[in-house]
Amino acid sequence: MFAGAAREVVFSNPEVIKRVRKDFIPVALKAANVQSPPAGKEGEIYKELLRTRPAAQGICTMNSAGKVITWSLSFDNEASVLQYLSHARKRFANAPKGDLDAERFRRFPSVKLQDVPGNGLLLQIPNRHPKDEQCPGELRQAKGSLKGTIVGRAFDGKGQPLQGTRSQDNYVEDVLEITANMKSDLLQAARNASGRFPLPASLAREFVANAYLGMLDVNPLGGDRIRAELLTQSIEFWAEKNETGRLTVGGSSKVSAKNREGIATDAGRKWTHLVDLKWHGFIDLEPEYKGIREIILSGHGNEQLKWGGPGSRVSPDAAKNPVAHLPSGRWLNISSPVRYWITAKKS
Amino acid sequence: MYMLRTTVTIAAALLCINGVAKGAEHLAGSAQPHGYEELKKERDAMRLPNVAWRSIQWETCLLKGLRASRKKNKPLILWIFIDLPIDDKRC
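Top to bottom, those sequences are chains A and B. Numbering-wise (this note's numbering), the first sequence opens with residue 102 and increments by one. Numbering-wise (this note's numbering), the second sequence opens with residue 37 and increments by one.
Careful: at least some of the hints might be erroneous.
Stated by the list, open to error - Rough simulated footprint, nothing fancy, chain B against chain A, three-plus residues with beta-carbon under 8 Å:
| hint | region |
| --- | --- |
| 1 | 189-199 |
| 2 | 289-295 |
| 3 | 298-304 |
| 4 | 328-342 |
| 5 | 365-371 |
| 6 | 381-393 |
Said to hold, decoys possible - Below, a sample of chain A positions facing chain B; criterion: calculated Cβ distance under 7 Å:
| hint | residue |
| --- | --- |
| 7 | A129 |
| 8 | G167 |
| 9 | R208 |
| 10 | G238 |
| 11 | G265 |
Stated by the list, open to error - For lysine-lysine, the following DSS-like pairs were computed, each having C-alpha atoms within a straight-line distance of at most 25 Å:
| hint | chain 1 | residue 1 | chain 2 | residue 2 |
| --- | --- | --- | --- | --- |
| 12 | A | K131 | B | K76 |
| 13 | A | K391 | B | K100 |
| 14 | A | K379 | A | K259 |
| 15 | A | K259 | B | K76 |
| 16 | A | K213 | A | K232 |
| 17 | B | K76 | A | K342 |
| 18 | A | K131 | B | K125 |
| 19 | A | K446 | B | K125 |
| 20 | A | K213 | A | K191 |
| 21 | B | K125 | A | K407 |
| 22 | A | K232 | B | K100 |
| 23 | A | K342 | A | K371 |
| 24 | B | K125 | A | K359 |
| 25 | A | K342 | B | K77 |
| 26 | B | K76 | A | K191 |
| 27 | B | K76 | A | K447 |
| 28 | A | K148 | B | K100 |
| 29 | A | K198 | B | K76 |
| 30 | B | K76 | A | K142 |
| 31 | A | K446 | B | K100 |
| 32 | B | K107 | A | K379 |
| 33 | A | K447 | B | K77 |
| 34 | A | K447 | A | K244 |
| 35 | B | K77 | A | K232 |
| 36 | A | K248 | B | K125 |
| 37 | B | K110 | A | K355 |
In short, the hints are calculated from the structure, not lab data. Backbone N, C-alpha and C fix where the C-beta goes; we use that ideal spot for every residue, glycine too.
Required output: the full structure, derived from the provided sequences and hints.
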């Protein structure tokens, strides 16, 4: 939940955006690279994050020598976020390029954790990666795959899209990856078909697995990665080709899941999610079934999502002061009509 | 009398189902299949170009970030979050 909550209530705040753009160099890093630092010089800086971090995810400031200034996992209130930025600037001014102790807060500024003392090591940091080294933060898209995007919106009772678009409960954008195998299976099925034919299951699943509201932690098809127990999975897509090489696509999907149970570390984690959609769209193929040129697909239906609630570790106070509860977020209880649009185009 | 009551009940049920279906269709957007161009226009209209969180251009390379930090004499702000196999927008 941390990242979704941080984006919604910290990095969507106009005052914070203004200050970050003016006074900081913003860098987004994947927690997996902190947990297992990659090889090379950049990996050495990741090790400094691992050495000092108070939790797997968080917000942190760093000086030009790659030394942590101050970590924080949440903030007392919205004003405290700006106070945190000023505090970090002040500490940076005192040691812009030197070693320093890493300050850590569970909640800034009222709940401080023990500092992690500086280790005296100052790295020679290169300006860029050597030619033969891939940046660990770089987009890793499998060879031959097609990148797609999805936009999803929740609607009110009058059929109008909900406007609270800071929140992923109402508005989502995401990316999906149509792998070389998915493409090949589709092209082969289209080549062999004489009428309507089922869309390859892996491709249909990729569409459905990205069509949901909310943060990564509530993907109904997320499986063990998000500690989910799958309850329903019904995915049926078909396609029919016409003379121009365009496929008309239709289908339906119903998926639901909940938090898994019986594992001590999952205690207090409570959620359920149901997404029920009908699908319609088109896939343009290249001549002689040599590739996919473009995809446009739409799903519409209903969605029910609950996160937190009584007995969960999500605080009932989080709705009033969400910046103070970033790690577990706020209660969600959503039941609304939804629509999704998936597009992908060969570049 | 029994047949008449059954017919009335079935008719009422059908009206009710029809009403619910039409309501659902309205709420979730049109259930009628759209054409290719229509779907693309609809998607473009629904994607917001200016969501607040897109106002910050996040760098993903620490080396590049630190180079900019040295050059501009500004600290880095790091946002560390869980990831997916491909560059993720949802978080």
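> Under the criterion that the straight-line Cα-Cα distance not exceed 25 Å, is the pair K232 (chain A), K100 (chain B) satisfied?
Replying inline: Measuring from Cα to Cα gives roughly 14 Å; hence the hint holds.
> Can the restraint linking K125 (chain B) and K359 (chain A) be considered satisfied, given a maximum Cα separation of 25 Å?
Replying inline: Distance ~23 Å between K125 (chain B) and K359 (chain A) Cα, so the pair holds.
> Given the proposed pairing of K76 (chain B) with K191 (chain A), does the C-alpha separation stay at or below 25 Å?
Replying inline: Between K76 (chain B) and K191 (chain A) the Cα gap is close to 49 Å, so the pair fails against 25 Å, i.e. violated.
>> Between the alpha carbons of K248 (chain A) and K125 (chain B), is the straight-line distance 25 Å or under?
In response: Holds, at roughly 13 Å.
> According to a criterion of three or more residues whose C-beta lies within less than 8 Å of a C-beta of chain B, is the region 365-371 of chain A covered?
Replying inline: n = 0 at 8 Å, threshold three: violated.
> Is K107 (chain B) close enough to K379 (chain A), meaning Cα to Cα at most 25 Å?
Replying inline: With a Cα-Cα distance of about 52 Å, the restraint between K107 (chain B) and K379 (chain A) is violated, given a limit of 25 Å.
>> Between the alpha carbons of K342 (chain A) and K371 (chain A), is the straight-line distance 25 Å or under?
In response: 44 Å, violated
> Do the alpha carbons of K110 (chain B) and K355 (chain A) lie within 25 Å of each other, as the hint requires?
Replying inline: 49 Å, violated
> K391 (chain A) and K100 (chain B): Cα distance at most 25 Å?
Replying inline: With a Cα-Cα distance of about 39 Å, the restraint between K391 (chain A) and K100 (chain B) is violated, given a limit of 25 Å.
> Regarding the pair K76 (chain B) and K447 (chain A), is the alpha-carbon distance no greater than 25 Å?
Replying inline: This hinted pair holds, its Cα atoms lying about 15 Å apart.
> Does K379 (chain A) pair with K259 (chain A) here, judged by a C-alpha cut-off of 25 Å?
Replying inline: 20 Å, holds
> Should the interface hint for R208 (chain A) be scored as holding, given a Cβ-Cβ cut-off of 7 Å against chain B?
Replying inline: Violated. Min distance 17 Å.
In summary, the structure is inconsistent with hints 2, 3, 4, 5, 9, 11, 12, 13, 16, 23, 26, 29, 30, 31, 32, 35, 37 from the numbered list given earlier, while agreeing with the others.
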